[in-house]
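Protein chains: 2
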Amino acid sequence: MSKRALTVTREQNFPDWYQAIVRDGDMAEVSPVRGCMIIKPWGWGVWERIQAELDQRIKDTGHENCYFPLFIPMSFIAKEAEHVEGFAKEMAVVTHHRLMNQGGKLVVDPSAKLEEPLIVRPTSETIIGDAFQRWIKSYRDLPLLINQWANVVRWEMRTRLFLRTTEFLWQEGHTAHADKADAMTETLKMLEVYREFAEDVLAIPVIAGEKPANERFPGADNTYSIEAMMQDGKALQAGTSHYLGTHFAVAQNIQFQNAQGQLAFCHTTSWGVSTRLIGGLIMTHGDDDGLRLPPKIAPRQIVIVPMLRDKPEDATLLEYCGAIEKQLKAAGIRTLVDVKPTKSAEKRWNWVRRGAPILVEVGPRDAVGGNVTFMRRDALRDGDKVVTHTLSREAFVAEAPALLVAIQAQLFAEAKARLDGNIVTNIKTFDELAAYFGAAEADDEGGAFKGWAKVDWSRPEGIKLEEIADRLKALKLTIRNAPQAQEPVTGACLFTGDPAKEQVLIARAY
Amino acid sequence: MSKRALTVTREQNFPDWYQAIVRDGDMAEVSPVRGCMIIKPWGWGVWERIQAELDQRIKDTGHENCYFPLFIPMSFIAKEAEHVEGFAKEMAVVTHHRLMNQGGKLVVDPSAKLEEPLIVRPTSETIIGDAFQRWIKSYRDLPLLINQWANVVRWEMRTRLFLRTTEFLWQEGHTAHADKADAMTETLKMLEVYREFAEDVLAIPVIAGEKPANERFPGADNTYSIEAMMQDGKALQAGTSHYLGTHFAVAQNIQFQNAQGQLAFCHTTSWGVSTRLIGGLIMTHGDDDGLRLPPKIAPRQIVIVPMLRDKPEDATLLEYCGAIEKQLKAAGIRTLVDVKPTKSAEKRWNWVRRGAPILVEVGPRDAVGGNVTFMRRDALRDGDKVVTHTLSREAFVAEAPALLVAIQAQLFAEAKARLDGNIVTNIKTFDELAAYFGAAEADDEGGAFKGWAKVDWSRPEGIKLEEIADRLKALKLTIRNAPQAQEPVTGACLFTGDPAKEQVLIARAY
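Chains as they are written, first to last, in my numbering: chain A, 1 to 510; chain B, 1 to 510.
Mixed in with the good hints there might be a few duds.
One copy or two, it doesn't matter: identical chains are merged, so the pair holds either way.
BS3-like, lysine-lysine: derived pairs with alpha carbons at most 30 Å apart [claimed, not checked]: (1) K428 to K464; (2) K329 to K59; (3) K326 to K473; (4) K343 to K79; (5) K189 to K340; (6) K476 to K329; (7) K343 to K59; (8) K476 to K416; (9) K347 to K59; (10) K326 to K296; (11) K343 to K3; (12) K385 to K343.
I should point out that these hints are in silico values taken from the structure, not numbers from a laboratory.
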């Protein structure tokens, strides 16, 4: 094994490799609060870029941002539970509002018990639906198109940074419409916004499609997702969009007067993506030297490391770096000159692990010669050797925007080739499926790379579907979605033998 | 009384007037969760502008954003309580992590009780200090300059939208330094960032200064604030910056190895502003027609209302409005054409109440004549009459940037004149102070306008100060701060009769 910048490679142990990037790429760390993470500056910078890019798209499609309370009265949750099957009950419950001193010890004050417990929002359909019920009177108020950026809490038993945490950050869109057609248009519009965002900004190729009935959001008539393939072959659900029919509207009395003066229930939707996307970025683009960030989402696109030596020449070097920085910033490139009191070699490898798209190292000779020596993070090595390029300062500044475009395209192309090349389509029986994926590891971790299977099925529902889900579960498999882009199906359903109606993707998943 | 766009005037009832703007200006509303607010799109737009403008300043001064958990283990709070006097105990306590179905009813699952209760963060010194303790090893790691944007919860008994709510949003900066001098420089630097931001962006004139000892943040050696004067004469603390000495560092073992290899405790600071600023905007700039937003903070700076009549000419009108919008946007102006299916007159008054700085109404004659008719929200009326201006389209587009600058300056000038003109400086005795402010209203609301008093005092501490605070409290007064800009004092302390050391501001406050 040749030396790489991480202490563990993908091949050696994929989950450990993931943790190594999260840690050594300065993305996040576990906190003293069970299942909650601390997002560090570099990781937070990525989230800020995700927010900025996606928020613009959400606004451009006519949505307005709001903010709703962190807490939800238990009665709201109870009402939802009555209307919605499969409702999850693991949530953080606030029962008291004061601490007190008891014999020098801080304890919960029993006299400060809340009459009604409050739930820390696991999602906001109920509290937003309550507002919709007050805000919507007439068809003139529709569609109502709302989004919020918020933290939510779901009490998870087994957590992993970014991928599944007790507290996570997300945006949740909630909309109300006059009829099904309009709500369905919205649901699919936002699915497309997610697809375009994932592919064009995060450089993560995805497959958009509809979830089978057993994988729907509780209370949804239709759930759509974008699914991404990680480097271990597993699927990551990277975003979902739900058509909720009139279920929430009926439960919460969200009615409007139509043009004919009659009262009707609204059709609602909801859709969201979360900090989980950062996990997807890592497992899509990372290599054994660390993270590789697509330029559009990198907090700093070009990092300049001056090779300082605590000598008088340092001043010239810093001046030269500052001049390059100024030119790059003028070209709209997020640039940083790293002047921290750390050794240059350490800085180089820190930025490699963090995945800055272009890393410039400026030594005294560069400054004198007017040159720029740089590394492309998407093509760091030739074999084991680190590849550097040298250009005149003018040429580098002139070419930098195009270089960033090329890196973005290269990262997407690599991931796209992986996705396209690893979906098997020749599996016709359940036995073949089991043979292809092999026995699941006991801990659901590691194992040989397996892609996805695209198989024909008859779209069963109810008990038939439950049985299929159970058989798949024994192999640690799930149906991811029925891709929007379908090829004609003519054969029999892999599960039921009935005539097939469509293709679905089957995979192990996060 | 002449007719105005709100149902109540400032003179009639200031608190009701405030609520009317919050409601009719589409800023926020009370939620079904006690003391928590729903921030509506227009109010949220203001907060987004506050975030964008202040975040840039926080980054420009070298700070990095992070994200820390919503929950804080009770043991952390207990440790802080041991070290810090005057520690508030009203906070939301999470005690369970699951609900269950019991006889068809949703209840808290008693078997899902947490071993250690979790506190919903009221502020993050303890959880961030714990990370600092891990992150800081050497003087090379200092200063450590961190900020986060987050929601926090303090269980308030009496709430008012934006001004005091159980959940509110804020940014909290937390920094660690090698010595007192560096930490104090930071503390005052951020105070100055807040002052400049309040005055230059929010157009709220403030007085920056140091809080007396009894008004310090628990655990702070020095607390500084910016104080703004509302239109009812009360003070609003609009931002605070604390030098925490080594108190938190000692409690949490935040140590570093200095250049000589010795271990030393860090000196820390914290500083924050919150959604309360929006309350300050309303009470500084609002008039009896609604809110008036400074252009730099208005989500939309120019709103164009086409006078649609459901006739074929509407198309021409919309085209004309779209052309103006395009030109204004090209000039970097946040512009909206309001095409909602609402009557034009209703739209006009909605935008007046929301406080859009410039409101354009385009009728068929404007479109034909190539003109633009507009209102300036800072100078809406001449007496009772609404004042409109007409310019050619070219002239309006050319002058719009300067108009916005003028409106920003005008709003600041008005508020500055009010602040400067309403600080009395001739009060020398406590009796005079009591006479000036008069008896406090029983409910702390309304009453005649009273400004602030600037008086000489001897900077007493301990019991002497407590006695003074009690005497002031009986008049519903507090010492706001000792302004940074001091005039020489020569007389006696108003409270103690001792030789005066400095001037302090005394006021009723929110």
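Inset, instruction - Compare the structure with the hints numbered earlier in the document and write down the numbers of the violated ones, lowest to highest. - result: Failing hints, ascending: 3, 4 and 6.
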